[in-house]
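What follows is each chain in one-letter form.
Protein chains: 6
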Amino acid sequence: MRITRRESFNAAHRLFRPEWDDKKNLEVFGKCSNPRWHGHNYILYVTVNGDVDPATGFVLNLKSLSRIIRTFVVDKLDHKNINLEVDFMEGHMASTENLAIAIWKQLEKPIREQGARLHCVKLIETENNYVEYFGDKQ
Amino acid sequence: MRITRRESFNAAHRLFRPEWDDKKNLEVFGKCSNPRWHGHNYILYVTVNGDVDPATGFVLNLKSLSRIIRTFVVDKLDHKNINLEVDFMEGHMASTENLAIAIWKQLEKPIREQGARLHCVKLIETENNYVEYFGDKQ
Amino acid sequence: MRITRRESFNAAHRLFRPEWDDKKNLEVFGKCSNPRWHGHNYILYVTVNGDVDPATGFVLNLKSLSRIIRTFVVDKLDHKNINLEVDFMEGHMASTENLAIAIWKQLEKPIREQGARLHCVKLIETENNYVEYFGDKQ
Amino acid sequence: MRITRRESFNAAHRLFRPEWDDKKNLEVFGKCSNPRWHGHNYILYVTVNGDVDPATGFVLNLKSLSRIIRTFVVDKLDHKNINLEVDFMEGHMASTENLAIAIWKQLEKPIREQGARLHCVKLIETENNYVEYFGDKQ
Amino acid sequence: MRITRRESFNAAHRLFRPEWDDKKNLEVFGKCSNPRWHGHNYILYVTVNGDVDPATGFVLNLKSLSRIIRTFVVDKLDHKNINLEVDFMEGHMASTENLAIAIWKQLEKPIREQGARLHCVKLIETENNYVEYFGDKQ
Amino acid sequence: MRITRRESFNAAHRLFRPEWDDKKNLEVFGKCSNPRWHGHNYILYVTVNGDVDPATGFVLNLKSLSRIIRTFVVDKLDHKNINLEVDFMEGHMASTENLAIAIWKQLEKPIREQGARLHCVKLIETENNYVEYFGDKQ
Numbered sequence: 001m002r003i004t005r006r007e008s009f010n011a012a013h014r015l016f017r018p019e020w021d022d023k024k025n026l027e028v029f030g031k032c033s034n035p036r037w038h039g040h041n042y043i044l045y046v047t048v049n050g051d052v053d054p055a056t057g058f059v060l061n062l063k064s065l066s067r068i069i070r071t072f073v074v075d076k077l078d079h080k081n082i083n084l085e086v087d088f089m090e091g092h093m094a095s096t097e098n099l100a101i102a103i104w105k106q107l108e109k110p111i112r113e114q115g116a117r118l119h120c121v122k123l124i125e126t127e128n129n130y131v132e133y134f135g136d137k138q
Numbered sequence: 001m002r003i004t005r006r007e008s009f010n011a012a013h014r015l016f017r018p019e020w021d022d023k024k025n026l027e028v029f030g031k032c033s034n035p036r037w038h039g040h041n042y043i044l045y046v047t048v049n050g051d052v053d054p055a056t057g058f059v060l061n062l063k064s065l066s067r068i069i070r071t072f073v074v075d076k077l078d079h080k081n082i083n084l085e086v087d088f089m090e091g092h093m094a095s096t097e098n099l100a101i102a103i104w105k106q107l108e109k110p111i112r113e114q115g116a117r118l119h120c121v122k123l124i125e126t127e128n129n130y131v132e133y134f135g136d137k138q
Numbered sequence: 001m002r003i004t005r006r007e008s009f010n011a012a013h014r015l016f017r018p019e020w021d022d023k024k025n026l027e028v029f030g031k032c033s034n035p036r037w038h039g040h041n042y043i044l045y046v047t048v049n050g051d052v053d054p055a056t057g058f059v060l061n062l063k064s065l066s067r068i069i070r071t072f073v074v075d076k077l078d079h080k081n082i083n084l085e086v087d088f089m090e091g092h093m094a095s096t097e098n099l100a101i102a103i104w105k106q107l108e109k110p111i112r113e114q115g116a117r118l119h120c121v122k123l124i125e126t127e128n129n130y131v132e133y134f135g136d137k138q
Numbered sequence: 001m002r003i004t005r006r007e008s009f010n011a012a013h014r015l016f017r018p019e020w021d022d023k024k025n026l027e028v029f030g031k032c033s034n035p036r037w038h039g040h041n042y043i044l045y046v047t048v049n050g051d052v053d054p055a056t057g058f059v060l061n062l063k064s065l066s067r068i069i070r071t072f073v074v075d076k077l078d079h080k081n082i083n084l085e086v087d088f089m090e091g092h093m094a095s096t097e098n099l100a101i102a103i104w105k106q107l108e109k110p111i112r113e114q115g116a117r118l119h120c121v122k123l124i125e126t127e128n129n130y131v132e133y134f135g136d137k138q
Numbered sequence: 001m002r003i004t005r006r007e008s009f010n011a012a013h014r015l016f017r018p019e020w021d022d023k024k025n026l027e028v029f030g031k032c033s034n035p036r037w038h039g040h041n042y043i044l045y046v047t048v049n050g051d052v053d054p055a056t057g058f059v060l061n062l063k064s065l066s067r068i069i070r071t072f073v074v075d076k077l078d079h080k081n082i083n084l085e086v087d088f089m090e091g092h093m094a095s096t097e098n099l100a101i102a103i104w105k106q107l108e109k110p111i112r113e114q115g116a117r118l119h120c121v122k123l124i125e126t127e128n129n130y131v132e133y134f135g136d137k138q
Numbered sequence: 001m002r003i004t005r006r007e008s009f010n011a012a013h014r015l016f017r018p019e020w021d022d023k024k025n026l027e028v029f030g031k032c033s034n035p036r037w038h039g040h041n042y043i044l045y046v047t048v049n050g051d052v053d054p055a056t057g058f059v060l061n062l063k064s065l066s067r068i069i070r071t072f073v074v075d076k077l078d079h080k081n082i083n084l085e086v087d088f089m090e091g092h093m094a095s096t097e098n099l100a101i102a103i104w105k106q107l108e109k110p111i112r113e114q115g116a117r118l119h120c121v122k123l124i125e126t127e128n129n130y131v132e133y134f135g136d137k138q
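Residue numbers (my numbering), protein chains in the order written: chain U, 1 to 138; chain X, 1 to 138; chain B, 1 to 138; chain Z, 1 to 138; chain P, 1 to 138; chain R, 1 to 138.
Pulled out of the complex, with its shape left as it was, chain U reads as follows:
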């Protein structure tokens, strides 16, 4: 059984490599490399695997799952600059792929401590683009 919780956050970011100049960054990343930033309404789906607890009928209380996602992910990203202000993204390109991996690392342990297993982090950047990360073992 899998349960999924949706959360969202708004953030600014920029795709660029500091060792490349603006021209090279523009060539590779297009307008996503704009030095003065742009931003998105990110939508995050966190899917968790587990057995149904016969006492509650729940895999995991969704209030707990929502609180974990907010504490470890959304509160750190919402209305922030992903390149400059998010500790768990330091040293990583602010691509959607890398952000999904970093979110996975933030969530895996607290979800395991609730007795469930993180299955998928799905991160929607725009209505036309999203990524899904299933952890190392997939």
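Read the hints as simulated data drawn from the structure, not as lab findings.
Note that the coordinates shown come from a computational prediction; the quantities given were computed from them, not determined experimentally.
Be aware that one or more of the hints could be misleading.
Any copy, or any two copies together, can satisfy a pair, since identical chains are not distinguished.
The list that follows gives simulated cross-link-like pairs (lysine to aspartate or glutamate, EDC-like), each with its CA atoms no further than 20 Å apart [claimed, not checked]: (1) 31 with 78; (2) 105 with 7; (3) 122 with 7; (4) 63 with 22.
Model the placement of chains X, B, Z, P and R on the given structure of chain U, informed by the hints.
This is chains X, B, Z, P and R only, laid out in the frame that chain U set:
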């Protein structure tokens, strides 16, 4: 090849254990335990696995699939009280997880009799919460 | 300038007239008259008219508008039985139309006290049905 | 007859008044005042009023309308910083209200030159918030 | 008070003037003039104005409204070729604008006979384009 | 890591077997067999599997993925008649299942040449129906 049919139903329910008092139910289930009920517009996605029939180009005629889902699931749930009026939920907590399992049990045989295999029951309770059930073997 | 805030709530209800028997209620209201209730995920759009404050660039701070809607409407409806538990619906059929009118009456004064004018209450009951109320003067 | 074209853009912005310090800005604008920016996927609906041309069955060719919106609005906003890089927003708070007014001013003349009248600029900032501007005369 | 019902239909069409050759049609209508047709999932919102009936809490029973829309509009358009098979579109360009006007004419009388007034026909052709028609008097 | 790109196209089609008469086609395919065509706004999700390139943070540049999908799929289907005008559908029933398989065959090689692996073609025909194809090996 997988094909998916979407159907929907509106129903009332309540999360509670009869052997617990209202205070304990409130503690565990929050406002979902309201003794006077609340309700949802549930959205149901039924995904079926199978080979494409060369004569029709179909895995399964979607009209047949829709009729099965309506007969065995939607007609029994739509505009009903899940706790009190749905035979296949008797004796089960009216959680989304348990409802998805019960819907799977309703659908598995009639879909197999059409020559296809039920793959997934996805049940959306609110825009922020959904569950997916893939059967025992997953 | 009009600004709109979306909020949502889940509730149970039933369409029926107590002076009619179940058969007559069924005839007029169909399965919406089910004596054991059904429910919906209601989506509420509140639209407010006003001038833009040059200091803030706002018609009305959306945080204030959201707080007003939650205090006077959502907190009283969410996870409730509209027929039995909502003070401002006492004595009214629990139709979407009547609910929109009652929500208007709840919101008009507190929004006016913030210096703006309530323009429209839009209430979506299902993806296929919604109502809009613009007050008496329309 | 009204026709509406949807376009979208992603941008960074910040709500703040330069003559206020960060504390005061934070008090009024909350996390939207973050000095290091945040951003959104803005969705823009442009509605135009006009008569149907009997030769084409169109109020206005949607390809022309889309081209106007892209040239005068989207190309200047997409993947930009609204506070720093958008000429028609210079000197204005980067609120959704002010952005809608500025978009109206960009579009009114080129749409009139096509023989139609701009009716409404609707700008969705998040799934919970949007503004509508109908011009001065409304 | 306004109530709105959503219905949908899938149809094929083509934009072209028979007195123009294919080259001229292509110039004006672009790929919408393809002589071998293309098609859409149209979404139709029908909005009705009226007073709330104190006995039912309804402006108009949505089942009646849905039946009117299906009988006079959807059954005649669904899975059809708008240019060749829809009696009420004969002699009209199959543009979204003209289709909305024709739908208005189909619906106005039967809705008036139910004691309500047709307010708006909104017809969505693609997620980026829609038209709204409010009748002659607007 | 999986990344997904959404694209869309509008097309006409018809379900029928030429060796069957209209009556038999109608019996099997219902109104989808209409000899004068009908059509849809198809939505296509293409999901690609791959490792994240440390230099870019990308599995695959979404601009490249979008260009591949447009060149090999969307440009050949958009505003076309699937039965008559799409080379890669010649000799195949124009069902959603067969269309998804044909899209897979169009995309597999150009995506592999970009260093990634096609994982899933999801094709939405209407809001109630979609298919997913994962290739032969699934």
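Hint check:
1. 31 with 78: between (22 Å within a copy, 8 Å between copies)
2. 105 with 7: Answer is within: at 17 Å inside a copy they meet the 20 Å cutoff, but 31 Å across does not.
3. 122 with 7: Both, since 11 Å and 19 Å are each at most 20 Å.
4. 63 with 22: Between copies only: 19 Å across chains, 44 Å inside a chain, cut-off 20 Å.
Violation of the numbered hints given earlier is absent; every hint is satisfied by the structure.
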